[in-house]
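J.: Listed below, chain by chain, are the residues.
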Amino acid sequence: MIHVSHLTKRYGQLTAVDDFSFDVRPGEIVGLIGPNGAGKTSTLRCLVGIQRPTEGTVAIGGHDIVSDPVEAKRLLAFMADEPFLFEYLTVSEHLQLTARIYGVKDATAKAAALLEELELTAKANVLPGELSRGMKQKVAIACGLLHDPAALLFDEPLTGLDPLGIRRMRETIVARGRAGGAVIVSSHMLNLVQEICTRVVIIDRGKKVADGTIEELAAQAQMAGAGSNLEQIFLQVTARDGNTASAGTGEP
Amino acid sequence: MTAPPLLYLTLCSIRNQARVRVRRLRQPRYLIASLLGLAYFWFIFAGRMFRGGRGRSGAMLALPPQVRVGVQIAGTLFIFVIATLAWIMPSSRPALAFTRSDVQYLFTAPISRRRLIRYRLLRSQLGGLLGSLIITLVSRPGSLAGGFIVFAGISIIMAALNLYSTGVSLSRASHGMRAWLPRALAGGALLIVVATVAVHWNDLVTAFMNGAVADIERLSTSGAAGIVLWPFRAFARLPLAESAGAFLAALPVALVLLALNYVWVLSTDVPFEEASAELSEKIEKIRSEGLRALAKPRRSAKTPFTLPSIGRPEVAIIWKNLISMGRLLSWTVLIRFVPMVLAFAALTSQGRRNTTGVLTVLSLVVAGLTVILGPQVTRRDLRQDLNALAILKTWPIRGAALVRGEILAPAIVLTVIASIALVVAAVMSVNAPYAADLPNRWSLLIAALSVAPGLVLAQLVAHNGLAVTFPSWVSLDTRRGGIDATGQGLLVMLAVMLALVVAVVPAALVAAIVAGLIYLLLGTVPIILPAVLAGAALLVEAFVGSEVIGAILERSDISAVDARES
Chain A
1 MIHVSHLTKR
11 YGQLTAVDDF
21 SFDVRPGEIV
31 GLIGPNGAGK
41 TSTLRCLVGI
51 QRPTEGTVAI
61 GGHDIVSDPV
71 EAKRLLAFMA
81 DEPFLFEYLT
91 VSEHLQLTAR
101 IYGVKDATAK
111 AAALLEELEL
121 TAKANVLPGE
131 LSRGMKQKVA
141 IACGLLHDPA
151 ALLFDEPLTG
161 LDPLGIRRMR
171 ETIVARGRAG
181 GAVIVSSHML
191 NLVQEICTRV
201 VIIDRGKKVA
211 DGTIEELAAQ
221 AQMAGAGSNL
231 EQIFLQVTAR
241 DGNTASAGTG
251 EP
Chain B
1 MTAPPLLYLT
11 LCSIRNQARV
21 RVRRLRQPRY
31 LIASLLGLAY
41 FWFIFAGRMF
51 RGGRGRSGAM
61 LALPPQVRVG
71 VQIAGTLFIF
81 VIATLAWIMP
91 SSRPALAFTR
101 SDVQYLFTAP
111 ISRRRLIRYR
121 LLRSQLGGLL
131 GSLIITLVSR
141 PGSLAGGFIV
151 FAGISIIMAA
161 LNLYSTGVSL
171 SRASHGMRAW
181 LPRALAGGAL
191 LIVVATVAVH
201 WNDLVTAFMN
211 GAVADIERLS
221 TSGAAGIVLW
231 PFRAFARLPL
241 AESAGAFLAA
251 LPVALVLLAL
261 NYVWVLSTDV
271 PFEEASAELS
281 EKIEKIRSEG
291 LRALAKPRRS
301 AKTPFTLPSI
311 GRPEVAIIWK
321 NLISMGRLLS
331 WTVLIRFVPM
341 VLAFAALTSQ
351 GRRNTTGVLT
361 VLSLVVAGLT
371 VILGPQVTRR
381 DLRQDLNALA
391 ILKTWPIRGA
401 ALVRGEILAP
411 AIVLTVIASI
421 ALVVAAVMSV
431 NAPYAADLPN
441 RWSLLIAALS
451 VAPGLVLAQL
461 VAHNGLAVTF
471 PSWVSLDTRR
481 GGIDATGQGL
491 LVMLAVMLAL
501 VVAVVPAALV
511 AAIVAGLIYL
521 LLGTVPIILP
531 AVLAGAALLV
541 EAFVGSEVIG
551 AILERSDISA
561 VDARES
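Going line by line, the protein sequences match chains A and B. Residues in the first sequence are numbered consecutively from 1, following my numbering. Residues in the second sequence are numbered consecutively from 1, following my numbering.
For the record, the hints were derived by calculation from the structure and aren't laboratory data. By construction, the Cβ of each residue, glycine as well, lies at the ideal position given by its N, Cα and C atoms. Careful: at least some of the hints might be erroneous.
Computed Cβ-Cβ distance ranges for the label pairs, DEER-style [stated by the list, open to error]: (1) B:Val315 / A:Asp64: 23 to 33 Å; (2) B:Val315 / A:Ala124: 45 to 55 Å; (3) B:Thr306 / A:Pro163: 35 to 45 Å; (4) A:Asp64 / B:Asn16: 51 to 61 Å; (5) B:Ile111 / A:Asp64: 56 to 66 Å; (6) A:Gly129 / B:Phe41: 35 to 45 Å; (7) B:Phe41 / A:Leu14: 30 to 40 Å.
This is chain B alone, in the form it adopts within the complex (with noise of 0.2 Å):
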């Protein structure tokens, strides 16, 4: 061993985890889901660049210049914004991730403080280097030389901006409250640029809507805040550099700007083990229960109904998972879905601009994206309890009471949210132009709160069957990466499309059936019937489909649990 006892630390975590990544290929569920995976980001990635990339002129980034200009200013806004909140809203997270291995080890071992601060700069940045040549891909560049200037430039201003959140968070731990300083010429600079865009805010709004990029620019490029958002220029313009040229000329800026922060992390001297500590347990937690763990239960929530000690066990399950939904669940959690859910609110409703059209089609795509969505994401079921199977298998219940247990909870959650959505879409589309006469309308409200229910519960048992049969694909790390990784989401996602297909068809079939008597006797096409059916057969199935898990469940190993790689 002759290199530095870290980097050969680093090298060869490195080498070691390809080499178990290339090993496991030997087992068939990891080759197929590494070369889905492969071919899932080709497909995206790759493939994009490379069918892209014939026909055009070999520019760096396949940009207008109008365009390019526009990025460039984001790029350094976006850059500006994220340097001035670290110091005005600073993170509650520690400088420096080490794992808990690096804690016994290096932290005992005689290494300095420098050393180590280092070695996990130098850790951290090879996760900056895979971001990058994500993004790199995604941008779609020219050339391969267009390729390599956005993959450097990204890197760059990754790696600068994980030197200066260390930076910013070994200065607050150094200097605690008395920070004041760097916090107020953060304040100082980020009410230059907000009284800069407020002033000239009409100016602003005209150029924007002219696709006068070159106005925007000039502001940005001048005065007061031009001179606060130089540095920030200087990264932005490493990947949108127009060539090889421009990308040198705006090279050595960026570096002296990069190892200026380098410098400033390595001369802080403060003591960080102990909450480096704190947060290497934390990702141990993360690492054996997955995301759920970063989620701190609220005590003060309470439970959803008072569990009588005398009844089905079913239910003991359903209010288990009812109140784990209510601890858990929090306001910033339903944030995350606003924007999806405006997003596709406005795609679908374009043109429509009374409030109550508006709020019909929001309504409508809650209830969509919960009927479709709900049942991947909300995963407090079998999924959140394979890590408790060995506790789950103790308990005096059969199979198939237990798995309909752990779905209903979730179901009941999404089908009354469907429903609610439902109710309101239909209530909204009363004074909407384009919506159905008031019979129509109450009649398909019937029909779908027919079929959702059916529609979640056939999900649910899908995801539950898969997480019972192979649960070593069924990934509780939902940080987890790598090809193999990616591969397994999509076999998992193609399997439950797949079950819920299987699932529709005979509950379509018995709605077509009798929707077509109807109509030979009658001579109308009617829909709550058929829906009421359909909704029935649904529910059918997911009983059959639960009694079946169950007794996979039952004849299950535990071991094929504890085999899961998570």
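Next comes chain A alone, as it looks inside the complex (with noise of 0.2 Å):
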């Protein structure tokens, strides 16, 4: 469903994201994940068709993200860290808004239906000044998930969240995987990624340094005795002595 081939994504002088590959499938849950600055955001940028790749290619659902964005866009949902509402709609206007905009067919029952899952009923007519943080990533949610997408990304999706809107976020992810949406979760959380991801990618620098299940990360990271925990396979993949820098890549 998520088919990334040779990105690199340059700013000026400096290569954010060098030659980076993977695929999501439908229904896999892929955590992104690595140190700051290795390039996350702008892989996901690139990725929405917020940014335009240097080189490389971005395909959703068999359509490129440059050359057929609006078909690619159609099949996306993008949840970035900071939800971004607009001050002057209500959380009932964002739905109507995000329908129109994705061409939503009985949207109203959707929305409705949205609207009770995520508890926000209550809150349907109130503006995004209103809300706390929490409910606003909600809203956003709502909107990301109104059109049914077949991709789904998630940037730091725990951000700011109470525990009960943790467990329901993490819910929602793992529902929208085992519904069949390709779901990329980028998070520092790495417990989350543990739990909740069928896969895990880790870039450093730009580079793909990892690219497996925990278990096979832990195998190729040499670290199978340590109990298959990511955030030692994590420190030691992205260590800075270069020794294991391409674990589990298959790359020399």
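With the hints as a guide, dock the two chains, each given alone in a separate frame, to form the complex.
T.: So, in structure tokens, the structure goes:
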């Protein structure tokens, strides 16, 4: 569903993403992790069409994000770490706008169901200024899920959520994966990634340094004895000594 | 670090701000903008001052005595009204505007409340000094000494007003509803002045008509009104002093009053932290989102129409922006334009005493301002949504469709306003003695109605094109000041004017060719057909423009917008 091939993104002299390739199949939940400045956000932005790749291709459901952006974006939902809402539209108007933008059939019923599921029904006629950060996050999720996207990208989805919100978000992500969605979760919360992701891609200094299930990564990083702990794997794989920088990629 | 910490913080902030501004001159866009801004200030203010200074007598302010006295009375009344209204109609704004960093670092530090107040007062005076400098340049003093007197006088007035308003806010916070005594005193003072004016109204009108300013001055300096206005007159005298001696003579009283205000503010023991923290959040929001952050959307406003979920996506964006305009527009926003419209109307309708004639001119002024200034002022389009570009770019919409959707809402609103004003002007001109005969008037109306939408759209396309092409030039924060910001504003204005000229030329050519052909065939100069064709040409150009901007938008990198300094 999501096909990234030799993606490179440069900002002037700085190479943020360097020849990065990976795939996400329907039903997969892939964790994209890496240290600060590793290139996660640039990768996600290229994937959803906010930025244009300098080199390489990104295809969503077979549609190239650069040459066929409208069809590619129709299949996508991007949940940014900071939920952006239009300050002058109420919650239900956000859903109406999204429905029209994505051409959602039977939008009224779907919107009502989503509002109910995310406990937003009582806030349907409220402006974003009157909502807490967690509530805003829920509205952004409702907008993202309204058109039943085949590919979902979450950037730091748990930021600012309370414990109940975290649990709900986790359930939402897992449910979308089980429903056949191709999901990418970018997060620094390694316990979340370990818990919900079926596969993990580690990026460091713009390059892919590991890709596989937790067990595969542990084996490749020669850490099976450590108990398949993603945090330990992450620290070893992204170690600055360069000894294990290519673990898991199958690359020299 | 030997200076006290808060003074150190103030000085470091000023120094580093200056350094940043100087350092960014290495970037061509800031250098060009700064040079343009400097040229603007030179020609508008400083150049006028020095050119005007030549041949003058070296007076402090080049004002005839009568005018000087008149300005002093007006200044006294102005300061008096501000001071009394501060009690009678108080602002809800907290007294001390701390920044978010101030709140986080200083409120939690072992620093006394009094020192915090002193620090904030010092910071707020810096803005007053800049304002005083601009007023000094505008007032064109005749000499350097005159310039200093005007600058010092205005600075003292601004400092006093700043201290006074801070004191009022702190005192109100301290006493709450029990602050009836100062309010009663302020009301009483206002009543005395109003009563004096009412009692002597006929004398004042006669004196005003005859230019007998001395009579008005006598009224303002004698009796109860004279006593009430005395402290305010002490301040107003400073920048208007005729000589250095007069300034020095007026200075002690003003300084004593200033010191009293300072002591009053410092002696007010009131917890201001909570209100200041709230204000700092608001200021931070304004910095990131621009002045629109101040506008509170009205939830009760209805949507312009029901939006079906299936159909062209542009309509959704028009719907969104119409909601935005409806919810953020208020009577207070509209009232801001009334003085401008009335001033234009007064200037252009001189000598026309009949009501319909004045209304005709007024309507034409509204139509003209709407078409010419409307696209600059009404920013409910891509300029508003530059912050949201990361979200808009994830939508499955072609760039051109997005641009058209964004532009059409303000275009519709402005066209409707201009059209109504044009129709009113045409109807009102029926009985106007200077009006053209009926057929011509309606022809002109149809011609104007045909061209107006194209002109509005062409400008909106230019503005939005600039926002997409050079996002760093389009400031979201209209409060952002500085020479380079002025220069950037000028550059944007020039670019839009140039784009408008480029758009109008082909349309005018089409109109001229068609008009010429008809004249050759029929021997008469038509109005409607060339205007309709010119309007259509402008619409086509706007459409092509939206396609071009859409393509640029699709290729544009969001990082360019992220890097925008607003």
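J.: Could one say that the CB atoms of Val315 (chain B) and Ala124 (chain A) fall in the range 45 to 55 Å?
T.: violated, 22 Å
J.: Should the hint that Thr306 (chain B) and Pro163 (chain A) are 35 to 45 Å apart at their CB atoms be regarded as holding?
T.: holds, 39 Å
J.: Does the Cβ pair Phe41 (chain B), Leu14 (chain A) satisfy 30 to 40 Å?
T.: About 38 Å separates the Cβ atoms of Phe41 (chain B) and Leu14 (chain A), which means 30 to 40 Å holds.
J.: Lying within 56 to 66 Å: is that true of the beta-carbon distance Ile111 (chain B) to Asp64 (chain A)?
T.: holds, 59 Å
J.: Within 35 to 45 Å or not, the Cβ separation of Gly129 (chain A) and Phe41 (chain B)?
T.: holds, 38 Å
J.: Is the distance from the Cβ of Val315 (chain B) to the Cβ of Asp64 (chain A) consistent with 23 to 33 Å?
T.: Check passed, 27 Å falls within 23 to 33 Å.
J.: Mind checking the hinted window 51 to 61 Å against the Cβ distance between Asp64 (chain A) and Asn16 (chain B)?
T.: violated, 46 Å
Of the numbered hints given earlier, the model fails hints 2 and 4; all others are met.
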